[in-house]
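Fit chain B to the given chain A structure using the hints.
Number of protein chains: 2
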Amino acid sequence: MDNSKIGHHISEQFNKELEDIRNKVLNMGGLVERQLELAVSAFMTSNIEIAELVIKQDNQIDAMEMDIDLECTQILALRQPAAFDLRLIITVVRIISELEIIGDLSERIAKMAIRVSDVEGKVDQYYELQHMADLVKEMLHGALDSFARMNIEEVASIIVRDENVDREYDSILRQLITHMMEDPRNITRTLNVLWTVRAMERIGDHACYICTHLIYMVKGEDVRHLSQTELEKKVKDQLLT
Amino acid sequence: MDNSKIGHHISEQFNKELEDIRNKVLNMGGLVERQLELAVSAFMTSNIEIAELVIKQDNQIDAMEMDIDLECTQILALRQPAAFDLRLIITVVRIISELEIIGDLSERIAKMAIRVSDVEGKVDQYYELQHMADLVKEMLHGALDSFARMNIEEVASIIVRDENVDREYDSILRQLITHMMEDPRNITRTLNVLWTVRAMERIGDHACYICTHLIYMVKGEDVRHLSQTELEKKVKDQLLT
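Protein chains in written order, with full-length UniProt numbering: chain A, 1 to 241; chain B, 1 to 241.
In isolation and in its complexed conformation, chain A is listed as follows:
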């Protein structure tokens, strides 16, 4: 399955519309990836200017979501798509909703960057935080890449990686609790770090949701509510690829 799927319509205009939507989703995805990158960087370097830029740019993501959503609704009304085309449109609506949430979570990280920046010194967990951030960025990038290629060969490895994210999250959480216990004056600041780590963990989840939407698009199978284990088994059994 590749994006030549899009170019098979008798109507040249419909081909163009689907190609246009695909490009818009990829643009939106690119912006969301940059926002996440900037938010994490603002947090790590206590850079308020970058954090404020992320917050300011979030409404661009919202506008993109509304624009693509409207275009999808118009296609549903006017083109009355069926089979793969219908699943493509439904998948796009779902993916842009995940991207919008990832954008909001990046904005949240940027807000925490500002709150944390006014206190001197770094939090001990920055190394682990950077590692976790790199993991979720890779997951998001992989999910968007799979959408670009309309191919689900890589989604299994992305979904599996979420386990590492959850492990990192638990480990950082334990460290943060210890940190708070050692010195209760750290509590307010550490809670802001905790919200940041939680936001990253949720971004990993939403990258996985994008993958399950892609499985629906390609295979027509709704795998959203399978457990991680069931999903992995399904993917490994080659039922999906």
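Among the clues, some could well be false.
As the list claims (entries may be wrong) - Listed below are the simulated SDA-like cross-link pairs for lysine to any residue, each with C-alpha atoms no more than 20 Å apart in a straight line:
id	chain 1	residue 1	chain 2	residue 2
1	A	Lys219	B	Asp67
2	B	Lys234	A	Asn59
3	B	Lys234	A	Met66
4	B	Lys219	A	Met66
5	A	Lys219	B	Glu71
6	A	Lys234	B	Asn59
7	A	Lys233	A	Tyr209
To be verified - Computed far set for chain B versus chain A, every beta-carbon distance over 12 Å:
id	residue
8	Ile6
9	Glu17
10	Arg167
Calculated directly from the structure, the hints in this document are not laboratory data. Glycine included, C-beta positions come from ideal geometry on N, C-alpha and C.
For chain B alone, coordinates are given in the frame of chain A:
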């Protein structure tokens, strides 16, 4: 605007399908309301059995979401709805996704109820917690009621109430931080209370999202990304009613 909107089709079968979807959404909404009620009650009374019931029942909600989703996709493919019918189907898909998330958040509250139950004594903030829980339950009920009547007269008052929820949340959060500072041995337990309060706050947000989806259904206007203030102004200016 009322649900007679549904019964205007020449095809008797299509009328039935839309009515069927409406009833299924209301059933799903009813179950989600009960799950939230039970989860809060389990938390307040440290009742592990009720908490376990909530966790066990969550997959019913997931199954309902998938079932309704499939029915909506079939209607899109076979009936090719337009205008209000199309917005109704799109709105249903969005509402059941919000309901599924509220179900997950209720499950999260139930899990926290179990974690907190093994420690003796109650958390000081139970009175405020109960009040906040009542507020979000009312919001969810109001949103589902508006969907049942296909009427957006009440949505403004629901959206406005989310400000109270946010205020309660901030107030409880401050108390919890004080509690942790006073005795660091409370930190782990208090964090579990904090996750619960956070889940309730998010349920309030998702009840508001249901309201904005209803505005889209009735008015065809995408108001998701308006700020609280803009949305209230719009509602007060009678643009929406």
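For each hint, the structure was consulted:
no. : hint                  : result
1   : Lys219/A <-> Asp67/B  : holds, 17 Å
2   : Lys234/B <-> Asn59/A  : holds, 19 Å
3   : Lys234/B <-> Met66/A  : holds, 18 Å
4   : Lys219/B <-> Met66/A  : holds, 16 Å
5   : Lys219/A <-> Glu71/B  : holds, 17 Å
6   : Lys234/A <-> Asn59/B  : holds, 19 Å
7   : Lys233/A <-> Tyr209/A : holds, 17 Å
8   : Ile6                  : holds, 18 Å
9   : Glu17                 : holds, 16 Å
10  : Arg167                : holds, 18 Å
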